[in-house]
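Asks: One-letter residues, chain by chain:
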Amino acid sequence: MKVNIKSLYDEVNRCVYCGFCEAVCPTINLGPHRGYGPRGRVNLIKDFIENKKITTEFLASVFSCLLCDACLIVCPAKIDTGRIVRDVRSIIRNEYKSSINEKITIRER
Amino acid sequence: MDVKDIMELLGEITIKTGLPVPIDKSKIFEWANNFNINRKGEIYLYTGALYQLIPYINYTVKYLDSISKLPSGDSLINLAKIIIKISPYYLSSIIKPSIKEINENNAIVRNIAKLLIKIDKNIAYLYEDDIYSGVLLYDMGLDDYFSIHSQKVFKSFKNRNVKKIITIDPHTTHVMREGYQKFVDNYDIEVINYLELLSNTNIDLGKLNKTLTIHDPCVYSRYENIVDQPRKLLKSMGIRIKEPKRSGKNTYCCGGPLESLSPKFSEDIAKSRIDQLLSQSDTIITMCPICKANLSRVKPDYAKLIDISEILTSNI
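Here the protein sequences come in this chain order: W and F.
This note's numbering puts the last residue of the first sequence at 1440; the count rises by one with no breaks.
This note's numbering puts the last residue of the second sequence at 318; the count rises by one with no breaks.
Hints are supplied without guarantee of correctness; some may be wrong.
Stated by the list, open to error - Reference listing, derived: stretches of chain F covered by chain W, where coverage requires no fewer than 3 residues with Cβ under 8 angstroms from a Cβ of chain W:
(1) 138-152
(2) 261-270
To be verified - No farther apart than 30 angstroms at their CA atoms in a straight line, the calculated lysine-lysine pairs in the BS3-like style are these:
(3) F/Lys-18 with F/Lys-154
(4) F/Lys-83 with W/Lys-1434
(5) W/Lys-1384 with F/Lys-266
Since the hints were derived computationally from the structure, they do not count as laboratory data.
Glycine is no exception: its CB is placed at the ideal position from the N, C-alpha and C atoms.
Work the whole structure out from these sequences, hints included.
Replies: Quick look at the structure:
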């Protein structure tokens, strides 16, 4: 199965930056930046799809997600961040594995 | 520890051994020793091995995390990667979780099997074909490994003419429905979860005078829509259910999925959750081996964590 990047992009593009998701996410208060919450994840993923650039913050954001989907319940745009993050992990693995030289670590605040 | 190392080790071990940790396969079906369950039937209990594996997985993760923190940690992890590529079983002798934890989890599987046999004595068990589902590979996006592994599992089902399976935990239920559907061509296995199955029967579980707090696993409530079924079963026993502020569709994660990637994150989330649960009652019901293991790391001594199957079999 190959992840459909176009449909992923359409979904993350629906984010209206309302931030309701940040109120229910268990990881946002533990990390050092907003990429540790759903709104940050969705928008870092959007930026990644647009610019094809992998940053340390982006990797920490994608791998610190619990896939718990608490954010989906409150999202007015019904963005399924859990499933999106899973698919983005797969894209990183399949297409960018050899270009990631630094360690992927989840940083505590 | 570097997330890339964890993923590489997990993928390699699963492909080489069929399990995410290098242990003897008989550990998965040892719960069925001296238990009377058929080998052949129309419907099969498929545990996906998660309950049985959790003590081994958690022990391995802690072990790897502790060696990665040593001054020569990077070299030791690289050595582990090399050893696993040669033969993962070289590492099996160092994986020694507590026997108590192993026995407790085997007892949960046995309790679930008891419930299934009570509603239909023809339900069969896969024994050596009760293979790990590969759900951790799927969740981490290790699709190259997951694709190979899921096809192996499907092939073993086909060899045994399996058409319908009963799953017993949220993660296995979800991956057998969604993950396998995406990765395995002609996938046609009907998947039913045991709580769904039991709640559709008139099973008489007897009565139990207890007040309990319920902890919904995220994957049951938000991915698989299993919220009412466990409540219906508990209420049929006269049990008083206390709901934490975050429950049902709005449940709060136990932190377990991050246990291998960031033990500190995972523990902090578990602490928040256990406080929410204990504000309702001292006894908490879990329905997932990952939730139970992660919450038990942070629970105070007076609190009790019980898998729902233990409650449902109180009178059986």
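Asks: Look at each hint and say if it fits the structure.
Replies: Hint by hint, here is what the structure shows:
1. 138-152: Satisfied; 8 residues make the cut.
2. 261-270: holds (count 5)
3. F/Lys-18 with F/Lys-154: Judged against 30 angstroms, a Cα distance of about 12 angstroms means the pair holds.
4. F/Lys-83 with W/Lys-1434: This hinted pair holds, its Cα atoms lying about 16 angstroms apart.
5. W/Lys-1384 with F/Lys-266: Within the cut-off at roughly 28 angstroms; holds.
When the structure is compared with the earlier hints, no violation turns up for any of them.
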